[in-house]
Amino acid sequence: MTNIDELYFAVAIAETCVALLVLPRLAIGPSVSDRIVALNTASTQAALAVLFYAAGADRAIYLDVAVWLVSFSYLGAIVWARFLERRLI
Amino acid sequence: MSTVIVVVVAVLAVAGLAFSVSGALGILRMPDVYCRIQCSSKTITMGALPPLVALVVGEGFGSAYAARALIVAVLLLTVNPAASHALARAAYRAGVPMWDGAVRDEVAEQEADDD
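Chains L and B, in that order, give the protein sequences. Numbering that gives the first Met the number 0 puts the first sequence at residues 0 to 88. Numbering that gives the first Met the number 0 puts the second sequence at residues 0 to 114.
In case anyone wonders, no lab produced these hints; they're calculated from the structure. Keep in mind that this is a model prediction, so the values were computed, not measured. Glycine included, each C-beta is placed from N, C-alpha and C at the ideal position. Accuracy of the hints is not assured; some may be wrong.
[As the list claims (entries may be wrong)] If you only want the chain L side, here are some residues facing chain B, beta carbon under 8 Å, derived:
(1) 12
(2) 15
(3) 33
[Said to hold, decoys possible] To spell it out: a stretch of chain L is covered by chain B in this simulated footprint if at least three of its residues, at any positions, have a beta carbon under 8 Å from a beta carbon of chain B; those stretches are:
(4) 18-26
(5) 34-42
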């Protein structure tokens, strides 16, 4: 049982590293759209890391964090796109 | 927990991580925003699905982990294309320039035809 839990922790750490990998694009991205793309990618990877951490630590209450993180990051991307396109609404 | 399940989980997780790393590298290295949106939409979706399947396999289909993993997978598959499309459209309308090596601009050609 501990065997697969360690595997889950390893995957969570690796996904966090992938999320950190796109942060330079978030910092230097020439346009706002570049930054939004990088932020979306980072938050998707962060949600996966939270899912795997919850599975490894046996804490089912953390799972809702991942669901909200994914849904609100994409909601935020759509709102930003609307704002860039025609200044909201 | 049998060894077979651990091996299946490991293989699926490594496959997803390979896709995720390649997508992240694409976001870092691609020349303009439209190429980066392509990396973000396709590669990140494909990089997220195998780890979610790995979670379903590892924790059993009836567990709370599998249910949340499936919810996240459905959300990614439906909302990620919509958000990527909206972002690319907004970037084009806002006038974000294409890469110098781009060979076609089909939206501009279509609008020139319509006029």
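Against the structure, the hints come out as follows:
1. 12: At 11 Å from the nearest chain B Cβ, residue 12 of chain L fails the 8 Å test, so the hint is violated.
2. 15: Hint on residue 15 of chain L: violated, closest Cβ of chain B at ~11 Å, above 8 Å.
3. 33: Result: holds, 5 Å to nearest chain B Cβ.
4. 18-26: As far as the stretch 18-26 of chain L goes, the hint holds, because 4 residues have Cβ atoms under 8 Å from chain B.
5. 34-42: holds (count 5)
Of the numbered hints stated above, those contradicted by the structure are hints 1 and 2, listed in ascending order.
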